Amino acid sequence: MNPRTLEDLRGILGPHGLISSSEELRTYECDGLTNFRVIPSAVVLPDSTEQVQAVVRVCHRERIPFVARGSGTGLSGGALPVAGGIVISLARMRRILEVDLPNARVVVEPGVINLDVTGRVASANFFYAPDPSSQSVCSIGGNVAENSGGAHCLKYGFTTTHVLGLEVVLPDGSLVHFGGKTLDAPGYDLAGVFVGSEGTLGIATKITLRIVKRPECVRTLLAAFHSPTEAGAAVSGIIAAGMLPAAIEMMDNLAIQAAEAAVHANYPDCGGLLLVELDGPLAEVDALMAQVDEICRQHGAWEIRVAQSEAERALVWKGRKAAFAAMGRISPNYIVQDGVIPRTSLPQILSEIDQLSAQTGLRVANVFHAGDGNLHPLVLYDRRIEGQEKAAERLSERILELCIEKGGSITGEHGVGEEKKHMMSKMFAEPDLDTMQRVRCAFDPLHLSNPTKVFPRTRLCGEKPGEYVPHPLEIAGVAERF
Amino acid sequence: MSRAVLTAAERFGAAIVEPADEKETAAILRNANETGQAVIPTGGGTKLDWGNPPRKADILLSMRRQSRIIEHAWADLTVTVEAGCTIAELQRTLAEHGQRLAIDPLWPERATIGGILSTNDSGALRLGYGSLRDLIIGITLALPDGTIASSGGKVVKNVAGYDLPKLATGSLGTLGVITRAVFRLHPLPRNTKTLTIAVDDAVSMQRVVSAILGAQLAPAAVQVRQGNVDILLEGTLDGIAAQESAIDKFGNVREGSAAVWNAREELWHDTPMVKFTTLPARIAAASASFSRFVTQATGIGYAQFDGDLQALRTAMEKDGGSLMIFGNTAIDAWGSPGDALPLMRAVKEQFDPKGTLNPGRFVGGI
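Chains as they are written, first to last, in our numbering: chain A, 1 to 482; chain B, 1001 to 1366.
So that you can see chain B by itself, here it is in the shape it has in the complex:
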């Protein structure tokens, strides 16, 4: 049991329950649903403060006992894994066959598959390999009424039925508890190299990023930090060398350390944290609101921010982006989901009509 989960249980005054399997998970949910108890699903407990504080929390449903890697079909490049498995443990197993799940989420030694999916935390590799929604191919959910339902499958290409793996990804456990997931995998890169280009100001930062994205290169990840642009190259030595010489033209390039890809994690401190989204051509401009930030080339940034959150959100939304706030209870964590909110409420009503799961943590009070 992680310290974070224990602390949260104490804070909420909630009981911790650790079901051993899918059936027990469904039975606990059904019982809670019938007796009007609110359930907070959790894995490693690393992101329990994401979203709004729950209106009610009676049971902390820990998935840590369900951590088996059910099937690594390495020749088919897929894996079926239980929700409570940490990503680090999964990656170690996959690496035995030279493969990986191509994501780089926060706190990999503690963060579990279920939690990573529920919070949609992909990381910087999203540029090269797509996000979780592109990598998940199957899911099993336990619903508040005790139903256990699967959707998707074990094959990469499959359009039979609705895509519930995507619906569950990023839903913060408000529709059902993820009990297992199936992913498509990628081979581990043969070689990797991190390059860093120092930049003087936002204009040159954007110029460098846009030049890299506009060139016919294939970087696995690109991010900007204060005064720096980081580029991750993967592939054959010849391919990396050729791309490196192309990138050389864009600025003062030095070989960076692989540790720069932990910069996002290192940002996390007690100061208020935000995640913002913006257009790729505006990442430097949007990042200029912050003194400490890590912004990925896909247009997703993370920053410390101590100022007027509402004004910042308004500015981000005006530019077509959004602002998510971590760990500040004075202001809604999400911002407006727009005109689709009534439909989102209708979806919630179909899956969890009594509001048993994570009540109030998601958008619009869902």
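Just chain A, with the same shape it has in the complex:
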């Protein structure tokens, strides 16, 4: 990066807001997906919207690509730096700006930690519903970028359901506002398209959230089955009975073993464990819980427990939320996959995963958001064994292809990022991807904001078929034409 640009950045951020030494830059070389690493040219740590704008204006002037970063917990390489670019960390923008309880709104800066929103409003009996497993460390800004879900989105929806307004710095440095504290603002739902755009449309600097009144009663039931297939049939039974639980989670035996080893959640040792949570008015929950119990027994549950206290409930969830990290207890290395199938395809895909596992000799642990068909197969391997890493990657990708074949998706909540952009062409046709990129061309015609992510090929904005005009980004060597 040329010295004058670095000086400009230092001028904007002060000496403590700029990182440019190579040792310190290494901290930012990857996010939660560690097998992709790129060292950025510089990292900036703005503490205000104005500083973000000023930095982005420099990037725009100098045609420097930038990547916004929250807590760096993303699992698809969305915050992976771009070669020659800078990383804009929002970690210092972590103020809760407004708590409006009568209207159930909270306004936050992007670096605020997900769980801290609930922490701030819990005493008034409110909570912030999206609950990704990393919620104690991940940031709201990152949740907005990824449209994060969590176990309870079955009932409460995703991040996008709870984001009502955004202040955004566009890739040319201008500041715009989408939506607000009231609903249905005039114009296009740009907040709707921004949430989940994985940092490719600009940087959110202020976020208006909807918070939710805590339900009167929450009950969590654990049911042990002989197999995930039996557990899956019970899930179908619950849905068919016309219930919409707050969460339905499933773990197979390998996942249970790992969770037990890590946090001693006291799960029954079974082939398929179902965790069903109902919430709402007490009388409603009581009536429905009796039916869930009966449906589970009909489908072969041999042990059923209902968490009797808040502490028991917390322990049940701790095991589930620790499941990814717990794999380290039973395998030196593992890949966390995120795919979605129509829920009814569950038994079929499970037997196909079993077959793949048997063929390759690699173990696969399964953790599902079973209510909405979101699978998290964990492919276990040992990097020290020649060829296993490649085999694990192939197996993991094959599972995604199976998801696509069943009419599902390559990602339910982790995002496409760097990791899965080559899979996008398998899920979408070329006109579909091209149409999505029209949106990107409106927001970021120069492709500066996280430019290499999400799409397998970049649509050069404003190009006309038939005539070849080199794009400024091609000349700069930032983009390639395929």
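Calculated from the structure, these hints are not laboratory results.
Some hints here could point you the wrong way.
[Said to hold, decoys possible] In silico lysine to any residue, SDA-like type, Cα no more than 20 Å apart, as pairs:
# : chain 1 : residue 1 : chain 2 : residue 2
1 : B       : Lys1023   : B       : Ser1150
2 : A       : Lys213    : A       : Leu282
3 : B       : Lys1023   : A       : Leu282
4 : B       : Lys1318   : A       : Lys213
5 : B       : Lys1023   : A       : Glu430
[Stated by the list, open to error] Take a look, some chain B residues computed to stay more than 12 Å from chain A by CB distance:
# : residue
6 : Arg1254
7 : Leu1309
8 : Asn1328
9 : Gly1335
Keep in mind that this is a model prediction, so the values were computed, not measured.
Every residue gets a Cβ at the ideal spot worked out from N, C-alpha and C, and that includes glycine.
Could you slot chain B onto chain A? The hints should help.
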């Protein structure tokens, strides 16, 4: 062909075209785009006067022949449906498996999926089940250049690619013509009960609404009308009974009629109509500007209004809300979209650079 569509065609001097499928729709659009003809997409024709009058209208593109329910994957709680299907017809099919699309839009026997999405008309159930933007999970659009593009998918949870279903929802057909949509469904409620609480003034109206929203209840819908607060409870008989006794403390509760949920539709007359948005804690205060209104607890109200529309809009915007005006050509229908307008124009430019679709009907002359 509905009478409303015929009337509009006559008024605009436009030709009516009824493509049989997606491909024909795209071909018509492409041809119109190349020959500089303006296209007004329509379904049941119930909301053709929403937004500003079009600057130009050569073709009324009716989607009524594309009304198939393509796939009701009931065990997965999803449905794929063509844009020209009426919501009433869709609901009848879904009900065969005890399910519904959890919205209650205007004029269900005539309003089509495409039109409901384009105008973002969810209804009072939005409190309990979210709005259209939360229920739509996939969309297919035919663009003015003839492109047919899908986004989203058939599964509820999916973050692959940009969320074009949300972009299209509420865009009044100015970006592309919706040809099909995929929705997540909900089970039909086991039981329902409507309660109505009479209130004397705006203060007690707000007090009752805020008390219901602040209690740990789960109403499917809450709305206020002149002198009344209506509450819709859904669920098990035990759950409804328990919630009813909790609500009993908030005022003089009587069992209401399910017909009160049609009150919004009954407001619609020849007098100028408005939709206003406000904060949940201000719904009674905002409603006090009107003598006939229906305001939903989410902060969305509908009213008849004969007075100074500009002054009303200024007042609503000052409180952080907005005012949309139906069927009055003297004043812009939408109000200001704020500093995002240039970006909205850039989005329009990418999808419809020649302004073929609904020219001038949307915000800022889009």
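Was Arg1254(B) rightly flagged as not at the interface, with every chain A Cβ beyond 12 Å? 21 Å, holds
Take the C-alpha atoms of Lys1318(B) and Lys213(A), compute the straight-line distance between them, and say whether it is at most 20 Å. 27 Å, violated
Practice problem: With 12 Å as the threshold, tell me whether Leu1309(B) passes as away from chain A on beta-carbon distances. | Solution: Holds, because the least Cβ-Cβ distance between Leu1309(B) and chain A comes to about 14 Å, which exceeds 12 Å.
Would you check the hint for Lys1023(B) and Ser1150(B), treating anything up to 20 Å between C-alpha atoms as holding?
-> 13 Å, holds
_Confirm or reject: Gly1335(B) is not an interface residue toward chain A, with every Cβ-Cβ distance exceeding 12 Å._
5 Å, violated
message = Check the hint pairing Lys1023(B) with Leu282(A) against an upper bound of 20 Å on the C-alpha distance.
response = 52 Å, violated
**Q.** 20 Å limit on alpha-carbon distance, applied to hinted pair Lys1023(B) and Glu430(A)
**A.** This hinted pair holds, its Cα atoms lying about 17 Å apart.
So if I understand the rule, the pair passes when the alpha-carbon distance is 20 Å or less; does Lys213(A) with Leu282(A) pass? Measuring from Cα to Cα gives roughly 14 Å; hence the hint holds.
Q. Can we confirm that no CB of chain A comes within 12 Å of the CB of Asn1328(B)?
A. 16 Å, holds
In the structure shown, a violation is registered for the earlier hints numbered 3, 4, 9, in ascending order.
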